[in-house]
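Enquirer: Protein chains in written order, with numbering that gives the first Met the number 0: chain A, 0 to 97; chain B, 0 to 136.
Some hints here could point you the wrong way.
To be verified - The list that follows gives simulated cross-link-like pairs (lysine-lysine, PhoX-like), each with its CA atoms no further than 25 Å apart:
1. B:K77 / A:K38
2. A:K54 / B:K130
3. B:K113 / A:K17
4. B:K130 / A:K38
5. B:K21 / B:K130
6. B:K69 / A:K42
7. A:K65 / A:K42
8. A:K62 / B:K21
9. B:K21 / A:K18
Said to hold, decoys possible - Here are the simulated distance ranges between beta carbons:
10. A:M71 / B:K69: 34 to 40 Å
11. A:Q57 / B:E104: 23 to 29 Å
12. A:M71 / B:F81: 37 to 43 Å
13. A:K60 / B:P89: 38 to 44 Å
14. B:D65 / A:K54: 37 to 43 Å
15. A:K4 / B:S17: 36 to 42 Å
16. A:V67 / B:S17: 39 to 45 Å
17. B:P89 / A:E44: 26 to 32 Å
18. A:R20 / B:L58: 33 to 39 Å
19. A:K17 / B:D18: 37 to 43 Å
20. A:G87 / B:E104: 17 to 23 Å
21. B:T40 / A:F95: 22 to 28 Å
What the hints assert, rightly or not - Partial list, computed: chain A residues near chain B (C-beta under 10 Å):
22. A8
23. V27
24. V30
25. L35
FYI, nobody ran anything at the bench for these hints, they're computed from the structure.
From the three backbone atoms N, C-alpha and C, an ideal C-beta is built for every residue, glycine too.
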Amino acid sequence: MSDLKRAAAFYENVLGLKKIREWSNYVVFDVGGVQLGLKLGGKLEIFLLADNIEKAYQSLKEKGVKFVTQPMDQPWGARTATFVDPDGNMFTLEHFKR
Amino acid sequence: MEKSGHVLRMPHIKIGVSDLKKAVAFYENIVGLEKKSEGPTYAIFNVGGVELGLGAGRLEIFLLVDDVDKACQDLKEKGAKFVTEPRDQPWGARIATIVDPEGNEFILESFKCKICGKFCQSYLELVEHMKEHKGQG
């Protein structure tokens, strides 16, 4: 998103989605149980909840999966690791444990 | 401004793949997703209630709405742009494609049984529902 306020207004007031949280650079909406995040800058990202990032990372790597980021802690409280499929589609595995 | 409230859930995300067999093997055997359906040009996996579809073309995000025609009309009145008008698809959905102010596209869809009018929550639910009609016939 280049203009987060304008985008957030569209999703809230036009599409009618329920806004859950709002920060200066990120807004989260609920779409029937799936979180739709609007981010200032950047590209589309799909998040998959994993039971354990380290184990998932290790196990998928052993099976030949390419990761573009190693497991790391994120400021929003998740631990994440991003892999790509054979066509280059990216998925970010995430886990929330404090 | 009154909220539209047409969008109910995100039933399906389609990922663009070039080699379906290879992609299916990856998601099924390596990532370990549950395969629900596989045809010559499209495959569907279950990711905790959201369908992940693999097929040709680019990534597409589907949003289930109560009524595609009403949603399209209502959202247009609120200034939303559509890149495709409501139309029936061979797989049983009625769809229309909306674009946000940044150019991100979403496909609004609804699944209504053509025989009894039942409103289904997803493509796979419609497929299951149609089996019941087949059993009766």
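Enquirer: Could you work out which earlier hints the structure fails to respect and list their numbers in ascending sequence?
Expert: 2, 3, 4, 5, 6, 9, 10, 11, 16, 18, 21, 23
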